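Quick note, the sequences are listed as chains R and Y, same order.
Under the numbering used here, the first residue of the first sequence carries the number 1, and numbering increases by one thereafter.
Under the numbering used here, the first residue of the second sequence carries the number 1, and numbering increases by one thereafter.
If you're looking for bench data, these hints aren't it; they were derived computationally from the structure.
Be aware that one or more of the hints could be misleading.
Claimed, not checked - Cross-link-like lysine-lysine pairs, in silico, DSS-like; alpha carbons within 27 Å at most: (1) Lys-105(Y) / Lys-8(Y); (2) Lys-89(R) / Lys-621(Y); (3) Lys-586(Y) / Lys-101(R); (4) Lys-587(Y) / Lys-694(Y); (5) Lys-493(Y) / Lys-8(Y); (6) Lys-600(Y) / Lys-499(Y); (7) Lys-372(Y) / Lys-101(R); (8) Lys-644(Y) / Lys-493(Y); (9) Lys-432(Y) / Lys-105(Y); (10) Lys-600(Y) / Lys-621(Y); (11) Lys-101(R) / Lys-644(Y); (12) Lys-372(Y) / Lys-499(Y).
Since we're looking at a predicted model, the values are computed, not measured.
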Amino acid sequence: MEALAFKDDISGGSAAQTANSLQLIAFSIGEQTYGVEITTVREIRAWNGATPLPNTREFVRGVINLRGTIVPIFDLRARFGEGQTSPTKNHVVVVMSVGEKWVGILVDAVSDILTVAKEDIHHVPEGNSIDTELLNGIVTHDSRMVGLIDLHAVVSGAKMDG
Amino acid sequence: MSDLDDFKATYFDECSELLLELEEQFAAIEEGDRSSDRLNAVFRAIHSIKGGGGAFGFQALVAFAHAYETLLDHVRDGRVELSDSVAVLCIRANDIVADFVAAAKDGTALEAGYGDHEKQQFDALTSGDPDMAGEPLEEFDIDFVPVMVNIAGAEDDPSEFAEPLDIAIIDDAFEAPPLLPEMGAWTIRFTPHSELYARANDPLLLFRELATLGETNVRAIIDEVPPLNDFEPFGVYCSWEITLRSETASEAAIAEVFEFVEGNCDLEIVRGAAPVVEEEALDAEIEAMPSFAEFAAEPAIAEEELELAPVLSFAELADSMKPVLKAAPPVMPTPLKQAAAEHHEFEGENDRRSGVEDRRNGVQSIRVDLDKIDRVVNMVGELVITQSMLTQQMDETLRARYQELVRGLEVLAQTTRGLQDSVMSIRAQPVKTVFSRMPRLVRELATKTGKKIRLETIGENTEIDKTIIEQLSDPLTHMIRNSADHGIESPEKRLAAGKTEGGAIRLSAEQAGGNILIAVEDDGGGINRERVLQVARDRGVVGPEQTLSDDQIDQLIFAPGFSTAEAISDISGRGVGMDVVLSNIKKIGGSVHVKSWPGKGTRMTLRLPLTLAVLDVMLVKVAGSPYVIPLSSIVETIQCARAKFSRMPTGGQVLQVRGEYVQVVDLASRFAMTTDVERDNRFVVLCEAEGGVKVALIVDDIIGQQQVVIKSLEENFQSIEGIAGGTILGDGNVALIVDVQGLKSSQTSHHKSAA
């Protein structure tokens, strides 16, 4: 229940930077760092279990109760095809808005808030289809690679085929 | 502009209520109730529709309503007898008024001359009266020019107020032309009540309007104006006497001017001018009164007195003022009334108004945005969940230690349940609101088909959630159309079959447990099963080798695109009717069933949930996850160890229960989850889906019953097969609601695709 509401914090301070830079919430899955634009993040909460949904793909971990509304949780590791996460209390759910909908993403940990310049965002090199499908771009921060998550792509295709 | 739109929306809301009331009243009148209360209610309704319509400039509506109102007025005071034919004409007129209102609402134009035929009939009926017949309807072209009335100023200097209108005030009354009794002259006594001002009416505008009819002479009667220290800021002390000279003005035309303030004033219209002698006497009396200046000076004196003699009591103070009050002559000089040659008092109007007020006092209501109520409903839902969560947290040790807390929780539980019931009852509405639209439909259908059809309604006070009511209108319309078109036979056929010439459709509503049953029954020929089956086979809805029970054949009429009508008529036959019924009813969580007796009739029953917001459920566990099954669909629960299962050749299982074989759905395997609970320790939940088809669900454990608030999965995710939605349990976890109907139908579709 230790939810951090980020939305209010970011509305003021970064106004000057928004023109040609982006603020990201960075989180980790294993050794790899990914980021989402901070304005899409609604809150960050500890993993507290989810009710599994039948007939959905393995990366849909189920649904949780977020103050009276039902929010689906996506396992980002499973979405990348690296097998389901075995979540503990230390795992983190990042709740974000995707269009009109609110979704949660299960990650290992939230690491940082990054400010990156827009011109530093690189294209995702052609190759693995999952990478190009799920990432919007790549930025370098402290000589680490940070993949920008395409939330719409992550959320799509949740139902079982057939 | 948006303000005006708001007013318009309110007006149309009111119109629909008034139209419903019209239906109701005429239903009683048709039954033979000719009491004046009914007629007054009808008159009120039409009058209100007309009045509002005038304010918004709906000319066609107003013109028709006016003619109708004239007829009603004649009926009311007995000049026209309320015969059956007049009643029929009135009912037709109600329908036309409804059409005009609908057209005004949608901004569409009705065909030119719509309703003219009826209007002529009204005129023919009312033409016995020279006063009203053929009287041109005045344009409702009222400019709402805001006028600032400075009451204090008017008191100090009445001429300032009077100037634009040429009102002769007491002092210069003698300058007015001599008033001689003559034809074409009217005396109007106008005594506004405080409500008139409260509703932002301005007598000045009325007098201006009156001045358009002819030459007016307005006299303010200010005898009632009290000394300034008795002066109430919102008191009404002034009345007027207007002399109107006009060769053309009729009494009705004058009354029309005061139409919008009627009920908020005493109005007396007398033919002939007020006698001069009377006038002079009155003036003389008035002259004897102290002037305004004196009135104004009075409090100052009183104050001085108070200062000089602080012992002066209020009684004494009052005494000192009495002479002033006594000097005031009676407001309404009686000789005037006697002198009236032809005199018409608007007592009827006042009666009507008090009738309205009585009604309002009886049931007071406010209009509330449905969204606001929904918010309350949702919050109460959360409260119920929190309350049950608290109760669950109380274990035995806590219970023993904190008895006060336990008692408090019990009270909380009671209060929340009460609160929930009250909130639900706010949303509940009698089905009357939809039922009362049906008589008109039946009348139209009877006319179109040339059949004689009587509609009976039963249980129209049964209450059901408003959102469900709103969804009911279309299905009921289709069902009644179907009954009128396919069910009830032509008079000749009926007579040949030994039935009465006229058919009957019965519309009934009743509550059965957590459901509302709404039935449409007719005493027609019943479903022609042979033909239905033939058409179904022709269209491939039913396979050639499939055999169906009578009941199954009856349900075929709900299949999409299904119609047995030989010719597509205006009314039905396109085959879109009954599947619309089914899909609409399904959408609101209900079910439809049809039962037919050949040659005797058909009954279609809608089973609807009482409310959409809260669901009574059974909480079960499947593979460690909580699921809930709507209690309304559960027939019974059986331990697996005691249940009799049989294996079908295809490998599917069936359950033998009470001599029936029922399809088995193992929820764990259906939901692709693994469970380690042994088969014998699991449970069978026997559920009944639509049309009485049963399905046996196998679950791991049964936990208990509770009430839940339905939450949408689609809001943040998407719909999932076999799951009707989600809900939040007392411990804050999400449980999924099992869609019994969905499970059953998806199962059959699997079979179909396999075959």
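Status of the hints after comparison with the structure:
1. Lys-105(Y) / Lys-8(Y): 8 Å, holds
2. Lys-89(R) / Lys-621(Y): 24 Å, holds
3. Lys-586(Y) / Lys-101(R): 26 Å, holds
4. Lys-587(Y) / Lys-694(Y): 20 Å, holds
5. Lys-493(Y) / Lys-8(Y): 49 Å, violated
6. Lys-600(Y) / Lys-499(Y): 9 Å, holds
7. Lys-372(Y) / Lys-101(R): 23 Å, holds
8. Lys-644(Y) / Lys-493(Y): The given pair, whose Cα atoms are some 51 Å apart, is violated under the 27 Å limit.
9. Lys-432(Y) / Lys-105(Y): Holds - the C-alpha atoms of Lys-105(Y) and Lys-432(Y) are around 23 Å apart, at most 27 Å.
10. Lys-600(Y) / Lys-621(Y): Distance of about 48 Å is beyond 27 Å: violated.
11. Lys-101(R) / Lys-644(Y): Roughly 46 Å between the alpha carbons, so the hint for Lys-101(R) and Lys-644(Y) is violated.
12. Lys-372(Y) / Lys-499(Y): 52 Å, violated
Of the numbered hints listed earlier, those contradicted by the structure are 5, 8, 10, 11, 12.
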